[in-house]
Amino acid sequence: MRRPEPVEGADDDLRDLLGLAAGDARYPVDPGADLARARTAQRDRFRRRVRLGTGALALVAVAGVGTGIAISDAGQDDPGSSSAAVGRVRLVAEQLDATPYTFDLTPKGWSVQSQNADRVTIAPDGGGTSSNPDVFIGKLVILFDQNPVGGVRFEQDGRTFWLGSDSGYTTISTLTRGAEPVGVVRIQYPNNAGWTRATMVRFLASVHVGPGARPGLG
Amino acid sequence: MRGSEREAEFVDFVRAHRSDLVRTAVLLCAGDEAYAEDLVQTTLTKLYLAWAKVRRADRPLAYARTSLTNAFFDERRRAHRRRETSTGEDWALDSAVLDDDRSLRQVVLAALGQLGPRQRAVVVLRHWHDLDVIETARILGCSEGTVKSQNARALAHLRAVLGPERLLVAGEA
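Chains A and B supply the protein sequences, listed in that same order.
Residues 1 to 218, numbered by our numbering, are exactly what the first sequence covers, in order.
Residues 1 to 173, numbered by our numbering, are exactly what the second sequence covers, in order.
Incorrect hints may appear among the rest.
[Stated by the list, open to error] Simulated restraints, written as ranges between beta carbons of each label pair:
no.: 1; chain 1: A; residue 1: V152; chain 2: B; residue 2: K53; range: 26 to 34 Å
no.: 2; chain 1: B; residue 1: L61; chain 2: A; residue 2: A36; range: 43 to 51 Å
no.: 3; chain 1: A; residue 1: G127; chain 2: B; residue 2: R76; range: 23 to 31 Å
no.: 4; chain 1: B; residue 1: A156; chain 2: A; residue 2: D24; range: 26 to 34 Å
no.: 5; chain 1: A; residue 1: G19; chain 2: B; residue 2: E7; range: 29 to 37 Å
no.: 6; chain 1: A; residue 1: D157; chain 2: B; residue 2: D58; range: 41 to 49 Å
no.: 7; chain 1: B; residue 1: D132; chain 2: A; residue 2: D97; range: 25 to 33 Å
no.: 8; chain 1: B; residue 1: G116; chain 2: A; residue 2: V182; range: 46 to 54 Å
In short, the hints are calculated from the structure, not lab data.
The beta carbon of each residue, even a glycine, is placed where N, CA and C say it ideally should be.
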């Protein structure tokens, strides 16, 4: 098949349109805020490394490293989490209503930011995360869908869960209960927000998927 | 390298290039400025943590753009991290409407939003950053043929939405 001939100046048209779509050539710039975030990330990384034993590598004999890692893992049920830096999130026995979803437990210091038929977004009180509920960075998100489950399978209290982790976030999935709409309910949480796997499983197990829930697409 | 030196270089870099990164992110995110800002923040933090690599790069801005694109795909790969926010509206070319730059911007962003993430990235890298097929394929981790086919499909879509008289773009050579 014959390819179309290049059109002179055509790419300039597209570049102009993209330039218009990209917005102002000079967005406000605050290097101080970026630097502060970067310093915080560096401190978190350092603490994480120390906790996982890499910090000890420079200080102790090689033979001690394995022990260091083992001790760190034993004290932290969520590998990769930096909860030590931010404190653990505590669940309290209060019902959390996010119709069509309800929870038997409530994460202290976190609040529902948005709820709809296929998901609930829960953000930490006090800001620090995007006000856009579709941006999940730094938040806890409960999703309902009919996609396949995946990850490491484990059983707890007679229920099956699947655990996956990627790029600083953990997702735990489980099938809905018999009387609930058919599908998979998942919780995705940032590893550095103070959640532990055990806490997260308890929270997920406390979710009730109401009849108004609709599985999300994608 | 001393910490203060790295911080000074980082601040200079942010001052010089942050706007460029935000604009790129806005295109990748099809106009979702909050999402774009999140991506840029994530990217700048990663750059700071790997500042030695930024310094060693022949073109630090190109390195940063690559990091931004990677951050965009990292986000996309996380299941359900976010949903497409496309309204699903069909934007048709209307010369009266498109006379206004602001409306035209919305039409272009909506058209980008109707593309898949990879097609959108191909358009941004090829036609906004002027990267060649080889470099685009390297950044996206795909074959050159994939870049060409994705680009052709993306341009066909943009041409259909924006109108051939406004976008006389040829297919990938």
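So which of those numbered hints doesn't the model satisfy?
2, 6, 7, 8
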